[in-house]
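Work the whole structure out from these sequences, hints included.
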Amino acid sequence: MLIETQNLTKVYRLKEYEVEAVRDVNLAVAEGEFISIVGHSGSGKTTLLSLIGGLTKPTYGRVLIDGIDIWSLSDEELSRMRNRKIGFMFQFSSLIPTLTVRDNMLLPAALSGKVGSAEMKRARELLELVGLADKINAYPTQLSGGQQRRVAIARAFMNSPKIILADEPTGDLDEKSEMHVMKLLKAMNEVEGTTIILVTHSRELAAQTQRRLVMKNGRLFEKKNFL
Amino acid sequence: MKIDIIYLALQNIKKRKFRTIGVVIAIAIASATLFSSIILMKSMSSSLELGIAQLGADIMVVPREAEEPLSAILLGSAPSKHYLSRKYEERIAGIEGVEKVAPLVFLETSEQGCCFKPGIFIIGFDPEKDFIVKPWVEKQLGSLAAFETIAGSGYDWMPGFKVYLYGFPFTIAAKMPSTGVAYFDKGIFMPLDRLYWLAKRSREYEDIADLTLRSGQVSAIMIQVAPGEEAERIAKAIEFYFPELKAVVAQKALGNVKKQMLMLLRSLFALSAFTWLTAVILVSVILSMSVNERRREFGILRALGATKRFIFGEVIAEAYILATLGSVLGMLAGYAFLTGFQDFVINYLNMPYLIPNKFYVALISLVIIDVSLLLSTVASFYPAYRSAELEPYEAIRSGE
Ligand SMILES: Nc1ncnc2c1ncn2[C@@H]1O[C@H](COP(=O)(O)OP(=O)(O)OP(=O)(O)O)[C@@H](O)[C@H]1O
Ligand SMILES: [Mg+2]
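Those sequence lines, one after another, are chains H and Y.
Residue numbering for the first sequence is 1 to 227, as defined by this note's numbering.
Residue numbering for the second sequence is 1 to 400, as defined by this note's numbering.
Everything labelled a hint here was simulated from the structure, so no lab data went into it.
Quick list of in silico lysine-lysine cross-link-like pairs, BS3-like style, CA-CA up to 27 Å:
| hint | chain 1 | residue 1 | chain 2 | residue 2 |
| --- | --- | --- | --- | --- |
| 1 | Y | Lys308 | H | Lys57 |
| 2 | H | Lys162 | Y | Lys308 |
| 3 | Y | Lys17 | Y | Lys308 |
Shown next as structure tokens:
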């Protein structure tokens, strides 16, 4: 298994009450799978993705990637894993405002210590795939919200990660762009064998994935009789 | 194309102008204060030392009731109007251990009357006995003709220029090099006999301010002690034989002047410590605020693979760049101020003042940049640490 969670639980302890954002999730994702997670707002989808990506520490349970418990790694190792193996697409705009589109695109490469002509070429190609090659020198504030999202989507593929964790990547995109992004994800899954976990509100998009899951109050269920 | 910590820091500095300017100004002010204080003190103390060496006297003898003469000569306050008789010269020369004696008169032209420049020091010397002024004068020309004078380095009069002193025109025959002795740099020089003559004429003419100086009176008798002799002992001997006189040991008086300067130095350092403290607090607050605004950015960087060390390093790098920039600008401003100020200090405050050499200035600049880097580490350490320790998910969520 590429990704495996064991009794994964995240509890937020607030002053007056506790929120069990993720409860006892046991999920196994094989390499090359394209799965989707749907669920109501507040059901714990973002928290689950963050747990899998090592952005937040579980209260209980483990996350294994390639069989390695990610919280047994040092900060250097965990950061390296995020950099090389995982591409994040966040629910909200996630570009660095002080950097140009090009520099934002190059960040994952820069953080792994290599920015050469190959990386520049890849950045340009990925931008072309999301239709924003002409914005390469723009700053994020000079782009629309949807354009910013598309740059972030392109950026997630920069280091050719094995895993894409996509949190409503098409949230504020029009239908045409949405379909375009979905095509891109599918292509990456099929051509490069990228494993994708897609969180979405859209039944249509979910229907296009190989495996559909639903989150309810922090619990994750397999949804076999969907459609 | 290199996208690293320094690059990210620079982009952030460039894009967040308000914050950048705030931090740079705070550090510039602190650096300018410290730099100016050190350079000012150094220049004063080295010009005092130079001055006393240039003066070439070990002991100065003045009337008991006269004020301490050394700081007046070096710092250029008004000369004493208490005179002593030249008859002491022979008697002091007779004391064992005294090598040379030379009489000097110091006058300051006053504001009243017509036809002369006020605020000039007139220095009268005895061409026969003198060892104080003559080395300087002889370097310029053999001897002075009547109505010729030598101008101190503080004036921009060229040789040939005429100055009116108590109604009489004196031609500038030569210019002195800069000595660091205020009386010399702002003085004009003439033989004692000429000065006595001038004083006499000033009293004869109605429309000329009177000089109270009488023939045979001097302001001070300068003494050079024989090699191996103790100036202190000779000064005591002089005061023992002539209780109506005061014998001031130059080195000791210099020590006292320096002590006064040390007090000034202390308050300058207190001031600069205060500006640094303010700068550190200000920079720390500005950085904390800025880092708070950027939580999300740091979270994204972490998600993209930045380590805690990277985030920590970026915040520190920014602080270093701003500190270096601020320090350099501050010191440039300080240097411009000090050199611009030089004339003001010399002419209006009558303070000795020689800008130290380039090497010393460079050394002080390096020290100040170090101080600035050290203190900016202090100011940025906590914000940097906090940013690095943020949980990426929490950081990304902030500001939603
Ligand atoms: N840092 C936090 N502190 C406290 N509670 C939190 C925190 N993060 C998430 N929660 C809570 O955990 C629950 C799950 O949140 P999460 O963001 O994972 O939901 P979601 O399914 O992604 O929702 P949406 O579809 O609106 O994005 C919510 O009740 C939320 O309020
Ligand atoms: Mg969410």
